[in-house]
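Terminal number for the sequence shown in the numbering used here: 122, no gaps in between.
In case anyone wonders, no lab produced these hints; they're calculated from the structure. Among the clues, some could well be false.
So the derived label-pair ranges between C-beta atoms look like this [what the hints assert, rightly or not]:
| id | residue 1 | residue 2 | range |
| --- | --- | --- | --- |
| 1 | Val38 | Arg69 | 38 to 46 Å |
| 2 | Gln67 | Asp28 | 38 to 46 Å |
| 3 | Ala19 | Ala78 | 19 to 27 Å |
In this text the structure is predicted, and so the values were computed from the model without any measurement. Glycine residues also receive a C-beta, built at the ideal position from the N, C-alpha and C atoms.
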Amino acid sequence: MSGAADEPFIAAVTPLVDAMGGQLLPPDEAGPDDIVLVWEGADAVAVRLPRFADSLDRILAALERRQGRPLAELDRRAKQEIVRSLEVRGAFAVRHGVETVASALGVSRFTVYNYLNREKGS
1 MSGAADEPFI
11 AAVTPLVDAM
21 GGQLLPPDEA
31 GPDDIVLVWE
41 GADAVAVRLP
51 RFADSLDRIL
61 AALERRQGRP
71 LAELDRRAKQ
81 EIVRSLEVRG
91 AFAVRHGVET
101 VASALGVSRF
111 TVYNYLNREK
121 GS
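Given only the sequences and the hints, what does the whole structure look like? Please build it.
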């Protein structure tokens with residue numbers, strides 16, 4: 001990356017980039033779709049964002065780690081809460097998002113749509 005003066009900044013953004021499934025790069029290796037972060041007036045690090053579909057897989061894996069067991073083993077209420085939180089995060093705007101979530105939860109697409117519609121009706 002950049003110089004030693006940037007190290008605290010890079011250390012600070014690393015957990016966020018990791019959580020998003022992004023990749024840190026030296027600024028001079030940034031491509032047109034990468035985001036160059038500036039620290040104290042100089043390019044410090046570039047961030048390569050993941051594809052949206054990869055992000056959804058990463059989010060589901062993180063939810064599973066947080067739950068401590070496969071998402072398919074959760075009860076209905078917990079699955080509904082996960083669908084609700086994923087909707088807020090835009091998971092269903094991703095192509096095949098409903099199918100991906102349904103598979104992870106061990107339910108049908110129809111069930112995911114029911115969970116989503118139930119929220120809208122509440």
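Going through the hints against the structure:
Distance hint check: the CB atoms of valine 38 and arginine 69 are about 42 Å apart, consistent with the given range 38 to 46 Å. The hinted range of 38 to 46 Å is satisfied by glutamine 67 and aspartate 28, whose Cβ atoms lie roughly 41 Å apart. Take alanine 19 and alanine 78: their Cβ atoms lie about 21 Å apart, and the range 19 to 27 Å holds.
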